[in-house]
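A.B. asks: Read off the chains here:
Number of protein chains: 2
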Amino acid sequence: MSTEQPGYHIEPIAFVRSPYREKFGIPRQPQLAPDVEAIIELAAPYDRGEALTGLEQSSHIWLQFIFHHTADKAWKPTVRPPRLGGNRRLGVFATRATHRPNALGLSVVKLLEVITSPSPALRISGCDLLDGTPIVDIKPYIPYVDRVEEAHNLIASEAPALIEVALSERAKEDCARFEQNRGIALAKLLRQILAQDPKPAYQPFNESRIYGMKLFDQNVTWRYRQNNQQWQLWVVAISPLEA
Amino acid sequence: MSTEQPGYHIEPIAFVRSPYREKFGIPRQPQLAPDVEAIIELAAPYDRGEALTGLEQSSHIWLQFIFHHTADKAWKPTVRPPRLGGNRRLGVFATRATHRPNALGLSVVKLLEVITSPSPALRISGCDLLDGTPIVDIKPYIPYVDRVEEAHNLIASEAPALIEVALSERAKEDCARFEQNRGIALAKLLRQILAQDPKPAYQPFNESRIYGMKLFDQNVTWRYRQNNQQWQLWVVAISPLEA
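Chains G and Z supply the protein sequences, listed in that same order. Residue numbering for the first sequence follows the UniProt record's numbering, beginning at 1 and increasing consecutively. Residue numbering for the second sequence follows the UniProt record's numbering, beginning at 1 and increasing consecutively.
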């Protein structure tokens, strides 16, 4: 950039506390796993409760955030969205891909609760953000402005197809134990999250390969198998991450 | 911020060329004046046409931008939105006010044309952005994600009420001359823009006060008057700005 256009310094105003501990496995858009809850904790010097006054009147909010795991990567003019099978190039500005000139993200999430004490925070659901994501702005969703009735998008016209998710007996027991200890409906969350099929679309199904994702402080493992000639995502087990 | 959270440097990837030459008079949300066109010109080193490949398949786009006229101002935890008469305080994160910790804005606009030569640019309409606004990201509008059918917002549940706009004979002649010279339907644009009533809601109607806004390279002047016991915005004249 020339010295006339030096750019801007922006700071996190909040951080996300979410069950997603790694990028792999996160649904590719918000609200695809509607029951996944997260907390947005305001950060100093922006942790002023009055900055949230009135926000409880919005059912949904916009989060502008930093893709912090890729923020220092070089941008490329084109990307290969996984949704399109990874073999078609699109301009980065025609996608919501993470590798952007400015690593800015945008998500709309449901606002469940405005928390004022002991410190200001928001409880949200439908979150698609990695734990620790820096939030750089929070804005109310304004239906008459943001809900564009006549909008269309020929590249992503509807939500991605879902894959059937089934749990092994072992996985059901693991979930039951987690749910009893933590009060979180893990089996239900797993069905929502994994139905998006985290596997890259261009990768062939391979029954012997084991996949894993970190969720909360657990490692979730699965493989693919056929059921009535349909591919199914078969959750093998949920086990605590090594400390 | 602590050294652990140093913040982020972001750069303009494009600049807006719009008819709006000052903040006063711009509709407070995008699309309220749907015929106002603008051009988004990609800026070096991001002026790579392939970065826009596929964007023509989106009818609408998100612009993430910098409120550059207020970017260096101190933030305040609460603001008084003009929409609420200027006498009610809301948390800054419960509004889309310009004075934010990070001066980031968000607008959805209609994409009319992806321009590839002589240099990459987008032609848009429904623009609510000041001429020269730095754009820091462009993203496709994805209806199944962004159009949240069940969303509500009790603070801004519907578009603001409109005021009747009428043009003096002089203003009609000025518009006709501008339209003939420039091929832009100025009278129609003025009716859309001014129907939002740029006057602060808390300011009483005063028939003798003359208001003005800069639009294109013109100064538009108006006053308020009563017509059938309703207040009306009466456009007095449109005259070229001093060079």
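Please note that a few of the clues may not be correct.
Identical copies look the same in the list; a pair holds intra-copy or inter-copy alike.
Below 25 Å or equal to it, Euclidean Cα-Cα: the simulated SDA-like pairs (lysine to any residue) are [unchecked claim]:
#: 1; residue 1: Lys-76; residue 2: Val-114
#: 2; residue 1: Lys-73; residue 2: Leu-130
#: 3; residue 1: Lys-172; residue 2: Glu-113
#: 4; residue 1: Lys-172; residue 2: Pro-34
#: 5; residue 1: Lys-188; residue 2: Glu-149
Hints are computed from structural coordinates only; laboratory data are not their basis. Model, not experiment: these values are computed from the prediction.
A.B. asks: Does each hint hold? Answer for all of them.
C.D. replies: Each hint tested on the structure:
For the identical chains of this complex, Lys-76 and Val-114 are inter-copy neighbours only, at 19 Å across copies versus 38 Å inside a copy, given an alpha-carbon limit of 25 Å. In this homomeric assembly, Lys-73 and Leu-130 come within 25 Å of each other (Cα to Cα) only inside a single copy, at 17 Å, whereas the closest approach across copies is 31 Å. Within a single copy, Lys-172 and Glu-113 get their C-alpha atoms no closer than 30 Å, and across copies no closer than 52 Å, so neither meets the 25 Å cut-off. When the C-alpha separation of Lys-172 and Pro-34 is checked against a cutoff of 25 Å, the pair qualifies only within one copy, where the shortest distance is 21 Å, while the shortest distance between copies is 54 Å.
In this assembly of identical chains, the alpha carbons of Lys-188 and Glu-149 lie at most 25 Å apart only when taken from different copies (23 Å versus 31 Å within one copy).
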